Amino acid sequence: MQFTEVTIIAIIKVALLIGGLMTAAAYFVLLERWVAAWVQMRRGPNRVGMPLTKFRLLGLGQPMADGLKFIFKEEYTPAHVDRRLFLLAPITILGAALAAFAVIPFGSVLPAIEGITEPIELVVAPGVDVGMIYVFALSSIAVYGVILGGWASNSKYSFLGALRSSAQLIAYELPLGLGILGVVLATGSLRLEAIMTHQAAHGWYAITQPLGLLVFSVAAFAEAARLPFDLPECDQERVGGYHTEYSGIKLLLFLVAEFLHMITASFLIVILFFGGWHLPWGLTGHEAEVTGWGQAILRVVVLSVKIFLVIFFFMMVRWSWPRFRFDQLMALAWKVMLPLGLLNLVAIAIFLELDHASVGWWQQTFGDAAQGAMIVASWGVTIGAWVTVAVAAPKIADNRPQPDVLR
Amino acid sequence: MKSDDPDIRWIEPPKLGLAGKMYLPLFLQGLRITGKHLIAPKVTVNYPDEEPEIANPLIYRGVHRLNRDDQGRVKCVACFLCATACPAHCIDIIGIESPWPDREKYPESFSIDELRCIYCGMCEEACPVDAIELTSLYNLTGRSREEMVFDKEKLLSVYDQTKDAEPMISASMEVTP
Chain H
1 MQFTEVTIIA IIKVALLIGG LMTAAAYFVL LERWVAAWVQ MRRGPNRVGM PLTKFRLLGL
61 GQPMADGLKF IFKEEYTPAH VDRRLFLLAP ITILGAALAA FAVIPFGSVL PAIEGITEPI
121 ELVVAPGVDV GMIYVFALSS IAVYGVILGG WASNSKYSFL GALRSSAQLI AYELPLGLGI
181 LGVVLATGSL RLEAIMTHQA AHGWYAITQP LGLLVFSVAA FAEAARLPFD LPECDQERVG
241 GYHTEYSGIK LLLFLVAEFL HMITASFLIV ILFFGGWHLP WGLTGHEAEV TGWGQAILRV
301 VVLSVKIFLV IFFFMMVRWS WPRFRFDQLM ALAWKVMLPL GLLNLVAIAI FLELDHASVG
361 WWQQTFGDAA QGAMIVASWG VTIGAWVTVA VAAPKIADNR PQPDVLR
Chain D
1 MKSDDPDIRW IEPPKLGLAG KMYLPLFLQG LRITGKHLIA PKVTVNYPDE EPEIANPLIY
61 RGVHRLNRDD QGRVKCVACF LCATACPAHC IDIIGIESPW PDREKYPESF SIDELRCIYC
121 GMCEEACPVD AIELTSLYNL TGRSREEMVF DKEKLLSVYD QTKDAEPMIS ASMEVTP
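As you go down the protein sequences, you meet chains H and D in turn. First residue of the first sequence: 1, per this note's numbering; consecutive thereafter. First residue of the second sequence: 1, per this note's numbering; consecutive thereafter.
Don't read these hints as lab results, they were simulated from the structure. A few of these clues could be false.
Quick list of the computed label-pair ranges, beta carbon to beta carbon [unchecked claim]: (1) H/304 with D/51: 36 to 44 Å; (2) H/239 with D/49: 47 to 55 Å; (3) H/141 with D/51: 36 to 44 Å; (4) H/370 with D/29: 33 to 41 Å; (5) D/164 with H/65: 41 to 49 Å; (6) D/55 with H/308: 22 to 30 Å; (7) D/42 with H/65: 20 to 28 Å; (8) H/304 with D/118: 48 to 56 Å.
Chain H is nowhere near these chain D residues, computed Cβ spacing over 12 Å in every case [stated by the list, open to error]: (9) 43; (10) 69; (11) 88; (12) 149.
Here the structure is a predicted model, which is why all the values come from computation and not from measurement. The C-beta atom is built at its ideal place from N, Cα and C for all residues, glycine as well.
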């Protein structure tokens, strides 16, 4: 494949991805407002349609109106800020959020097209062997955006918000990493495509590693700062967290970056635990390659629908569960999620060892039902561990004044 | 305040059961409720496109009207009870000697500042002859403050507009001297 060809294809993919992600983020804001309204039995935004006409289109013009509002609003920079860092913070957080998508596939492979030597993979940087590490490295940079925004604002509200947010993001990065270790162990690769292909052949990790899914998705909620872990913002309680001093387009960058984090999280949940673009029973093929355009498009559609469902779940959770207190948040990370993540890693390692050992003790004992026995065992570990943790670890630190303490 | 103060009542927090400690069962319960609300019919009225349904127009407190008696005269006897009762002081009456034999006074001018009014309905309560009533007209708009001060003619025209939909509480004029 020629250099120019590679470059042009990469540029087209980057343009598609950034355009698609920005549009998706804007429309997910609309969806978020709709879900919020529907859950509260309101109607939600349904009036902004095509400009200068009477077509309302169910309010689908709302994201454009919201975006224009942010762009035309006065962009006020307080006199007391560190201007360079103040500008750098939103750019950092948005840049890192977008760059993480370089290795996340948004579809499988396109079949051979005439004039192009190799099939086009629908991922900006195909074949990155350390894909998972790359995503995690870039999602950690989000902490820099948060802490820079809070620090450069030179405001106590912003700074306190930034401290709380960075404490939360750093604390939940551990369970986030532990949650995927089981997946990586079972697949034997850090490539997202390999993880999906493995799931197509051996069953989704959501079924075989429920504890990993639990730990990972709780940590993903916290990393994306969604309710019940939205302490970085907590709209109803605080001035605005680390972006208190921001306005106009810089604030928009922060908000878009937050939505991108949620989209990244749902991409990862789907790809790592729900089989990516694969359907059960091999409906979309077990192989990494595709047989034709129909299968290629079907895989993109399956992936998009799964991601949409996960994001919808994110939005429903927002209205179903109250926010954690900060000490509860920290207790959940260190006292519950961290041990559960470690247990998940150990349990998966033991199961794999039993399965892989050349003597095949596991296979001999259970015969044809070995796979099923493994699933039952991992679900047993999950439920047992969750009940143990619930009974043993007091997640609720009671900080209220007690009569005997005061005396 | 000491902690053994007899005025302090120490209340034990409710003990959590296993489901409460495990969070997830309660979470599913919450998700079920949210899902139920998601598909429930909307309670918001899509206002400019559809008008809200007013349950009982006779007790709704909207724009005022001045009622006419059976001969088409203004029913008001300029007793000032409504203006006295009004907590917002938005009613302004000039009463003069009545040209009719059945009452002593009648309002030469009667104006209500609809912007100042808080639509509490005290004037309606106070009126001894049921001359002032609140209608179910709720979408009141105007281009200036002056326009929103309704004079006697305008209040009477509100009556003409709404008399069929919302009949007067007492139709006949019975004033005990």
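Results of checking the hints against the structure:
1. For the hinted restraint 36 to 44 Å between residue 304 of chain H and residue 51 of chain D, the CB-CB distance of approximately 41 Å keeps it satisfied.
2. For residue 239 of chain H paired with residue 49 of chain D, a C-beta distance near 37 Å fails the hint of 47 to 55 Å.
3. At about 53 Å, the beta-carbon gap between residue 141 of chain H and residue 51 of chain D misses the expected band of 36 to 44 Å.
4. Between residue 370 of chain H and residue 29 of chain D the beta carbon distance is about 36 Å. The supplied range of 33 to 41 Å therefore holds.
5. Look at residue 164 of chain D against residue 65 of chain H: about 43 Å separates their beta carbons, and that is inside 41 to 49 Å.
6. Taking 22 to 30 Å as the suggested C-beta distance range, the pair residue 55 of chain D and residue 308 of chain H does not conform, at roughly 41 Å.
7. For the pair residue 42 of chain D and residue 65 of chain H, the supplied restraint of 20 to 28 Å holds, since their beta-carbon distance comes to about 22 Å.
8. Checked against the hint of 48 to 56 Å, the C-beta distance between residue 304 of chain H and residue 118 of chain D comes to roughly 54 Å, which is consistent with it.
9. Against the 12 Å criterion, residue 43 of chain D falls within the reach of chain H, whose nearest CB is about 5 Å from its own CB.
10. For residue 69 of chain D, the condition that its CB be more than 12 Å from all CB atoms of chain H holds, with the nearest at approximately 46 Å.
11. Residue 88 of chain D, annotated as away from the interface, keeps every beta carbon of chain H farther than 12 Å; the closest lies near 32 Å.
12. Chain H leaves residue 149 of chain D outside its interface by the beta-carbon criterion, the shortest separation being 33 Å against a cut-off of 12 Å.
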